[in-house]
Every structure is written in structure tokens, then in C-alpha cells.
Amino acid sequence: MSTKTRRNTGFLLGFLLVALVLAGAVSYFADSNPDGLDHATLAGCQVVEDGHGGETLQGTCIAQNAKDHHLAGSPLADYVVNGGEGTTGLAGVIGVAVTVVVAGGLFWLLRRRPTK
Amino acid sequence: MTADVAMHMSDGLLNTTTSLLFAAVAVIGIAVAAARARDDLDDRTAPMAGLVAAFVFATQMLNFPVLPGVSGHLLGGALAAILVGPWVGALCVSIVLVVQALVFADGGVTALGANVTNMAIIGTAVGFAVATVLKRFTRTKPGLAAVAFTAAFVNTVVASLGFVLEFALGGDPAFGLGGVTATIVGVHCLIGIGEGVITALTVVAIAAVRPDLVHLLRGARRPLDVREESPA
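Residue numbers (our numbering), protein chains in the order written: chain P, 1197 to 1312; chain L, 26 to 257.
The hints are simulated quantities; they were obtained by calculation from the structure and are not laboratory data.
C-beta: ideal position from N, C-alpha, C; glycine also.
Any given hint could turn out to be false.
Below are the SDA-like pairs computed for lysine to any residue, each with C-alpha atoms no more than 20 angstroms apart in a straight line [as the list claims (entries may be wrong)]:
#1 Lys-1263(P) / Thr-43(L)
#2 Lys-1263(P) / Val-128(L)
#3 Lys-1263(P) / Gly-37(L)
Listed next, the stretches of chain P that the computed footprint assigns to chain L, with coverage defined by at least 3 CB atoms under 8 angstroms from CB atoms of chain L [claimed, not checked]:
#4 1203-1213
#5 1216-1228
#6 1299-1307
Using the sequences provided together with the hints, build the complete structure.
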């Protein structure tokens, strides 16, 4: 392996490590409040605990039109593994891995190859 | 309906016609980007682009507070465009949104076209346009940081206008457009500051070690002088 290739590989591994740490560890510190879009669609409603561990919306707001996700039952739904509490980091690491494989694979196939 | 972990537009907020319209916009946008992306992808940049997508995925998980009870997260269009160019960048953000919708149940499946249009297409295009206009200021480290910040801020605000357009075309007419617009644009001005800071930090950090892997800096008349130790 040439020095240049080694340097490139080192940088890419470092970049991957940063993404893994962000998704796997820093994600536990993320703010769980609704994001800007949700905030706007929730305007006019109050989120009320329904007493069964769920939440209902009282009032009138756009978010009441929102439908449950088609894949709400998927094993990684809502960034947890099988609904398990405290598994956000693992879900994040899986997400980074899936994204890098899908995106990296697609870009590798699309790339220009040197003409010989 | 749950509001806790979802980060993108859910199904049901737009009518079917509008959802299909923006699905078509997204498909055309992705097809054009894929065709043009080839020119920016080679043995060196293709793995980098894969990692940029993974980094955007990771960073989108990191909601930061913007107001009491309201958070925001990176959209990533300007970041991806600055690092890997607008075409590859749009594909990076699209892939992230597809993975989030299909694997993490975040962002509705029928709303995917609208989400891709706002964040991957509008956000990336606007972020790249701003960065390109300001490119002459990228020769110094503070200049590069300021350009990245500005491109990311504008990308966030304009992407939120994408939602306003979609809601105007196919949202519930019972809700006045003015109130929604004011709320969403106001909040995204604040989120844009966070997006700007994250984008500037990331771009400057990468430019310090590998300026050759920052698409925006390619073809500069002289190498970027971001390394403190580099000769004058």
C-alpha cells in the first residue's frame, strides 16, 4: 500500500469513527422535544399522556392529520432496537453501517473508472 | 400518532395528489443527480461520499434545543454539497432519507417525495448555490467557516419554505397558511444557526486535513491556506 493510499484510508476510517461515535453515543444527549416541523404541525394542540403510556393530542392542529407510519412495527422503528429502551446508540450504529454500505456501494458502482 | 422521535414529515399531512406530485419531483431530481454525479465520483471520492451520507445520518439524530420545548436537527444539504458537490450531495441526503423512512420508520413513506424534495433537492441546491457565489471568500479558514455557515443557514430556511409550498398545495385548508408559515420559517431561522455551526465546524475540520476532499475547494487558484503551519 502506498503512503498516499494509507493516508486516505486513515482519514476515511477516522471519519467513519466520528459518525459512529455521534450516532452511537452522542445520540443519547439529543433533545427529545419535537423538531421545528413537528412544532409547527403541533401548534394549537396539547400533547396529553393518555394513561396507557401513549399520548393523545388535545385541541386542533395539523399533526392530527398525521397517520401512523406504514413501517411503525419495523425492528428499528423510532431509532430503538425492538422497542427496547436505551438502545438508541445501537440503532444509530446500525443506521450508520446501513447508510455507509448503501451509499458507498451505490457511489462505487456509479464512479468513473480510469480508461485503460 | 407519535411526535417523539420522528424528525421528518409524516404521512397524512399532504393530500395524495400533492404527495404523488412531489414523489415525481423527487424521482426526477434523483435521476438527474445520479446522471451528473458520475463526473464527481472516482476511486478516491466515492468512499468519501459514502461516509458523508453516513455522517449526515448520524448528525440528523442529534437534535439540539432551539426554543423551550422545540428542537432542531441538521438537514445536511449544504454540508454534503460543499464536501462532495451538489449532485452527489443530493444523492447522499436522499439515501439518508430513504434509510430513515424504510428502516427507522421516520418520515412517512408517501411523504418521502416531499421530504426528499425539501431536504435533498432544495436544501442541497440552495446550499451549493450560496457556497458557490461566496467561493472567493474560502481562501482563509474564517472565510471558509463563514461561507459554510451562510450556505447551511440559507439551506435550512429555504428547505422549510419547501414544506410551506407543499402545504399550500395539498395541506388541510382548515389551517391558515400564514400561521404555519410564520412558525415554521421562524423556527428554521433558529435551526439554521445550529445547522450553520455544525456545517462550518465539519467543513473546516476536513479542509484542515484533506482540502483535496472538499469539493468546493477544487480548482481554486491557489491551495487553501487553512493549515496553520503551511508556508506563506
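Checked hints:
Annotation: proposed proximity of Lys-1263(P) to Thr-43(L) holds, straight-line Cα distance about 16 angstroms (limit 20 angstroms). The suggested pairing of Lys-1263(P) with Val-128(L) holds, with an alpha-carbon distance near 17 angstroms, which does not exceed 20 angstroms. With a CA separation close to 5 angstroms, the supplied pair Lys-1263(P) and Gly-37(L) stays within the 20 angstroms bound. Counting residues of the region 1203-1213 of chain P whose C-beta sits closer than 8 angstroms to any C-beta of chain L gives 5, which meets the bar of three, so the coverage hint holds.
Look at the region 1216-1228 of chain P against chain L: 9 of its residues bring a Cβ nearer than 8 angstroms to a Cβ of that chain, three or more, so the hint holds. Evaluation of the coverage hint for the region 1299-1307 of chain P: fulfilled, as 8 residues show C-beta separations to chain L shorter than 8 angstroms, against a requirement of three.
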